[in-house]
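**Student:** The primary structure of each chain is shown beneath.
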Amino acid sequence: MGERHLLTGNHAASYGAKLSRAEVISAYPITPQTTIVELLSEMVASGELDARYITVESEHSAMAAVIGASAAGCRTYTATSGQGLALMHEMLHWAVGARTPVVLTNVTRAMAPGWSIWSEQTDFLSQRDVGWMMLFAETVQEAQDFVVWMYRVAEQVFLPGMVAMDAFILSHTSEPLIVHDQAAVDAYLPPFDPLYTLDPAEPRAYGGLVNRDHYFEIRYKAFEAMERAGRLLVEAGEEFGEALGHRYGPVDPFMMDDAEIVFVSAGAMTSNVRYAVTLLRERGIKAGLLRLVAFRPFPFEEVRRLLEGRKVAVLDRNMSSGHSGIFAEEIRSALSMGAAPTEVYGYVLGIGGRDIRVETVLDVADDLMSRDEPARTLYVGVKGLPIGPARADREIARLAPLEEVSP
Amino acid sequence: MRFGIPLEERIEPGNLGCQGCGGALSMRMVLKGLSDDTVAVIPACCWSIIDGPWPVHALQVPVFHTAFETAAIMATGIKAAKLQQGKDTTVMAWAGDGGTFDIGLQALSGAAERNEDIIYVCYDNEAYMNTGIQRSSSTPIGTWTTTTPDERPETRPKKNIMEIMAAHRIPYAATATPAYPDDLLAKVEIARDLRGTRFLHILSACPPGWKMGSGDAIAAMRAAVDSRVFPLYEVRDGLDVTITRWPEHEVDPEAYFAMQGRFRPLLDDPEELARVRRLIDRQWETLVARHREHHPEPAAG
Chain A
1 MGERHLLTGN HAASYGAKLS RAEVISAYPI TPQTTIVELL SEMVASGELD
51 ARYITVESEH SAMAAVIGAS AAGCRTYTAT SGQGLALMHE MLHWAVGART
101 PVVLTNVTRA MAPGWSIWSE QTDFLSQRDV GWMMLFAETV QEAQDFVVWM
151 YRVAEQVFLP GMVAMDAFIL SHTSEPLIVH DQAAVDAYLP PFDPLYTLDP
201 AEPRAYGGLV NRDHYFEIRY KAFEAMERAG RLLVEAGEEF GEALGHRYGP
251 VDPFMMDDAE IVFVSAGAMT SNVRYAVTLL RERGIKAGLL RLVAFRPFPF
301 EEVRRLLEGR KVAVLDRNMS SGHSGIFAEE IRSALSMGAA PTEVYGYVLG
351 IGGRDIRVET VLDVADDLMS RDEPARTLYV GVKGLPIGPA RADREIARLA
401 PLEEVSP
Chain Y
1 MRFGIPLEER IEPGNLGCQG CGGALSMRMV LKGLSDDTVA VIPACCWSII
51 DGPWPVHALQ VPVFHTAFET AAIMATGIKA AKLQQGKDTT VMAWAGDGGT
101 FDIGLQALSG AAERNEDIIY VCYDNEAYMN TGIQRSSSTP IGTWTTTTPD
151 ERPETRPKKN IMEIMAAHRI PYAATATPAY PDDLLAKVEI ARDLRGTRFL
201 HILSACPPGW KMGSGDAIAA MRAAVDSRVF PLYEVRDGLD VTITRWPEHE
251 VDPEAYFAMQ GRFRPLLDDP EELARVRRLI DRQWETLVAR HREHHPEPAA
301 G
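Just so you know, the protein sequences line up as chains A and Y, in that order. Going by the numbering used here, the first residue of the first sequence is number 1, and it counts up by one from there. Going by the numbering used here, the first residue of the second sequence is number 1, and it counts up by one from there.
Just chain Y, with the same shape it has in the complex (with noise of 0.2 Å):
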C-alpha cells in the first residue's frame, strides 16, 4: 500500500517526547501538511515541553509559546500582525485536551465565533498528562486518573468538542489520529488550503496516561477508531457531515479499552460498561445519520 506522506519534515529528530507518544507523532505528521511559511503557537501542555529547554528548539517552525488558555487568541494576534504586514503566514494553534475542552474553552469559542483565519489542533490525550494524568473534560467515563482513582473513577462522557466547535459554523472541523496518517494528511490539506478557523481533534496516544506499553500506541489509536470509539469524519460549514473512514474490521470497543489500563475500573463494572456501549452506539447512529443526510447516496458500508 502505497501513502500521500509528503517525505519533507517539519521536525528535527530528537526531541523530548516520551516513547510512543501521540502528541509528537502528531505534530510530525500534521507539519507535512502544513507550509514552510507557518508559525505555531503552543499553550502550557505537553508539547511545551517536547520541543525542549533553551536553546533547544524541535520545530523547524517559529513557536511562541503562550499561557495555557490563550492558544486561540494568541494565533489570532500574531495573524492580525502578519495581515497587517501583508503577509498570508498559516498561524498554527497547538493545544492538549486541557487547554482545549478546559481553559482555553472560551479564548477557543471566541475566536471560532469571528471565524479568525487560524488552524487550530487539539492533541486530544484525554487528560492533563504533562502534569501526571489528572482527568479533563476529555477523560472518558469509566477511566482511571490520578484524580479520578479507582474507588471513584470518571463519570460523566467525554465532552464532545466536535458538536461544540461545528456548533460556531466554522468551515471546517475534522477528527483524526495519527495512527491513520493519510486520513489525517488529507484533513491537514484541505485546511491548509481553506480561510477562516479550521479545527483538527486528533486522538493522540499517551502510554503512561494510558498504562500501556509505548509500542501499543498505533494499535490503540487504531483501535479507537474502529471500535467507533473514536470516529474520523469532518464537518464543513458546522453542519455537513462526512466520515472519512468506516471501520474495515470492527474492533469490539471493550477489546479497546483492554489494552489500557486506565480502563479497569470501567471493566470492573459491567453496568458501566454497558452504559458505555450504548453511548457508543448512539453517537455513531447519531453521526451515521447526519452523514447520511449530507450524502444521501450510501457512501459505503
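Chain A with its partners taken away, still in its complex shape (with noise of 0.2 Å):
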C-alpha cells in the first residue's frame, strides 16, 4: 500500500528514482533542482539505492554520462533546472537518436538573463522538438510518480522522458503523498531490458555516420516509436492506477461535462485554476478546466474532443516570442485538424514566477467573457497595462526598484 509521507516536490522526484531503482545517476546542482539529486547522493552513499552517481562538471556532461550508462544498458535519472536544461539541449536530441530512456525531472525556471530562479515553462517546452516524451506534474505525488511512470513507457519505446514541475511552488513545497511499496512498484515496473549493451562480445557500432539512404528510415523509427508511446502511456496510467492506486493519464479534465468556458493549464498553477472554476461555478458560470499532463506525445484526440465548441482559455506561463504562448499553438494545432469551430483565447501570465493567484484566473475569466473574438496573446498583470495584446502605443509602469520584494 506504501507510507504517507510529508515530502518536498523535489523530495518526491528522488523518490520516483529510487523506487524506479536507477542504477546511474549522474546530476550537476542547479537551483531549485538541486535538493532532488542531494538526497539521491545520500540515498547512493548510504547504500539505501544501488547506483552509481557521477558527479559531473556540468549539466552537458551529465546528460552524455546519462546516455552513455543506459547505452550500456543501466537505468538512468538526471534532474536540471532552466540554464541547465538548455545547456544539455545537444545531448537531448542524442538521447533520442541512440534510442537511450533516459528520464530526467526538470524544476522550470525562467531564463537568464535577468538572472531569475523562479518558476516558468519556457525552459521545459523550448525543448519540445528534441523528441523526448514530456510530462507535467501538478502535485508532490505526481513529481514522484511520473517519474516511475515515465520509465515504463520510455523502456517500451526506447525513447527518453522528461517531467517537468514548477520551481519552488511544487519543488520546495511539501505535500503529503504515499511512497509506494517497493514491491508494489517492482511488479509494475520490471528491470530495464535493453536491446544492447555495448557487449564486447558483439562489436557493433553505434549512432555512427548514416547515408541518405538510411537516416530517414532511421529517425522514422523514433517517430513511429513515440506515437506508440502515446497510446502506452495511457495503458501505463490506468495499470498505474491499478497496481499503486493513482490513476493517470495524459489529459486531466474537470466539470467539462456542460463547461461553457474552459481553462487549459499545466502544472502546479493549476491547483488554483481549478479551485477558480469552482468559485466560477458557484456563480453560476459554466467553467471547466482541462490540465494537460502529457505535452509529448501530444494527447490529440483528448484535446479535440474536450474542447471543440466551447470558449477556451489557455493560460501559459512562457512564451514563444513573435508567437504565443506555447500551449495555445499547440491546442489551437489540434483544433485546426477536423474539430468544430472553436474559439481560442491565448492568455500569457506569471512569467518570471510572478504570482498566478484565484484572483488572477478569475480576472481572466472576466476578461474572457467580455470578448467575442479570438486573440492570439493577452498578458496578463505587466505593471500598468490592462489584459490585452502587446501595444506598442502603451508604457508600462515605471518599475520601482524596491518595491518588488521576492516571495
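These are calculated hints, taken from the structure and not from any lab test. Some hints here could point you the wrong way.
[Stated by the list, open to error] Covered stretches of chain Y, going by a simulated chain A footprint (3 or more residues, C-beta under 8 Å):
id : stretch
1  : 31-41
2  : 51-60
3  : 76-86
4  : 106-113
Backbone N, C-alpha and C define an ideal beta-carbon position, used for all residues, glycine too.
Two independent chains are provided; combine them into the complex using the hints.
**Tutor:** Right under this line is the structure:
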C-alpha cells in the first residue's frame, strides 16, 4: 500500500528515482533542482539505493553520462532546471537518436538574463522538438509517480522522457503523498531490458555515420515509437491506478461536461485554476478545466474531443515570442484538424515566477467573457497595462526598484 | 630488430582513412595493446568517418559514437554502467585534438579530476582535419591552415595538453606516436594495467593537412620526435617524468618543418623560426630537468 509521508516536490522526485531503482545517476547542481540529487546522493552513499552517482562538471556532461550508462544497459536518471536544461539541449537530441530511455526531472525555471530562479515553463517547452516524452506534474505525488510512469513507457519504446514540475511552487512545497511499497513498484516496473549493452562480444557501432539512404528510416522508427508511446502512456497510466492506487492519463479534465468556458493549464498553477473554476461555478458560470499532463506525445484526440465548440482560455506561463504562448499554439494546432469551430484565447501570465493567484484566474475569466473575437496573445499582469495584446502605444508602469520583494 | 608488437588485430583490413593516416595507424596499434573486453567511445573527429557508414564498422570492439565535447564523460557513463553490472570492461575514449584540446577539454578535465577509470586517447593531427584543416589550439606556431592563411599564420604555441593533464595528478599520461610503435605499445600496456584516468597523447600525421605525401607520414612523425618538437615521455601521478626516447640521431627542427607544406609561413619568417627554435630548446631542457629530478642517475644521453 505504501506509506504516507510529507515531502517536497523535489524529494518526491528523488523517491520516484529510488522506487524505480535507477542504477546510474549523474547530475549538476542548479537551483531549484539541487535537493533532488542531494537526496539521491545520500541514498547512494548510504546504500539505500544501489546505484552509481557521477558528480559531473556540467549539465551537458550529466546528460552525456546517463546516455552512455543507458546505452550500456543501466536505468539512468538525472535532474536539472532552466539554464541546465538549455545546456543539455544537444545531448537531449542525442538521447533520442541513441534510443536511450533516460528519465529526467526538470524543475521549470525562468531563463536568464536577468537571473531568475522562479517558475516559468519556457525552459521545458523550448525542448519541444528534441523527441523526448514530456509530462508535467501538478502535485508532489505526481512528481514522484510520473518518474515511475515515465520509465515504464520509455523502456518499452526506447525513448527518453522528462517530467516537469514548477520551481518552488511544487519543488520546495511539502505535501502529503504516498511513497509506494517497493515490491508494488517492482511489479509495475520490471527491470530495464535493453536491446544492446555495448557488449564487446558483439562489437557493433552505435550512432555512427548514416548516409541519406538510411537516415530517414532510422529517424522514422523513433517518430513511430513516439506515436506508440501515446497509447502506452494511457495504458500504463491506467495500470498505475490498478497497481499503485493513482490513475494517470495524458489529460486531466475537471467539470468539463457542460462547460462553456474552459481553462487549459499545466503544472502546479492548475490547483489555483481548479479552485477558480469552482468559484465561477458558484456564480453560475459554466466553467471547466482541462489540465495537460502529457505534452509529448501530444494528446490530440483528447484535446479535440474535450475542447471543440467551447470558449477556451489557454493559460501559458511561457511565451514563444513572435507567436503565442506555447500551449496555445499547440491547442490551436490540435483543433485545426476536423474539430468544430472553437474560440481559443491565449493568455500569457506568471512570467518569471509572478504569482498566478485564484484572483488572477478570475480576472482572466472576466476578460474572456468580455471578448467575442479569439485573441492570439493576451498579457496578464504586466504592470500598468490591463489584460490585452502587446501594444506599442502603451508604456508599462515605471518599475520601482525596491517595491518588488521576492516571495 | 625485433619489435614486441602483438600480431593480433582488432581492426578490419578496410576503413575510410586517408592514405598515410596517422590516426588510423594509431587506432590499429592501440587496440593491439588492449584486451578483447574493450569499448571505444568516439566523438566527432576523423574517426567518426574512418569507422565507416552504417552498416559498416571497421573495429572489432563496440564503438559508441558521441557528440564532439563528450568523449571523456561518455566513457565515464559507460564505465559506471559496466561497474554497476559487475563488469571490468576497459572503456577507451578516442578523440582528436579538437575534441581534446578545445571543445572536449571541460569534460576531460572533469573526468581526470575525478580520476574516472577510463583510458583517454588523443590522436593529435594538430588541426581540425576532418572539416578541412582549420586551426585548433593544438596547431603549432607558424602553421598554415584554412583559418590561419599564409598572410596570418598561427601565432601562438601549441597548447601543452600534457602539462594540463599532469596538473590533474592522474596516474598516467604519456606522449607517443605510431611511428615508434614499440614505445607506443609499451605505454598502452602500462595504461591498460593501471586504474584511474590514463591519458595518451599520440602525434598522428595527416598527409593532406600537413601538406606532404602520404609516403612521408612515418618519416615526419619520427622527425617530430627526433627533432624534439614532440618528445616521447610519460608522467606518473602528474609529477614523475620519464623521457622514454632520447633522440639517437638528432634531426634539425627546420628539417622536420621543411618536410611539410603547412610550415611554409614559418620557414619564410626567420625571426619567427628563431623564436620557435628557442621554444623547442627550452621545452626540451625543462623536460630533461624534470626527468633528472625523477631519475637522479643519468638514464641515457
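**Student:** Hints first: check each against the structure and report whether it holds.
**Tutor:** Each hint tested on the structure:
1. Using a Cβ-Cβ cut-off of 8 Å, 5 residues of the stretch 31-41 of chain Y lie near chain A, which meets the minimum of three, so the contact claim holds.
2. Here's how the stretch 51-60 of chain Y fares: 7 of its residues keep a CB closer than 8 Å to some CB of chain A, so the rule of at least three is met and the hint holds.
3. Counting residues of the stretch 76-86 of chain Y whose CB lies closer than 8 Å to any CB of chain A gives 9, so the stated coverage by that chain holds, three being the minimum.
4. For the stretch 106-113 of chain Y, the stated coverage by chain A is satisfied: 5 residues place a CB nearer than 8 Å to a CB of that chain, which reaches the threshold of 3.
Consistency with the previously given hints is maintained throughout, with no hint failing.
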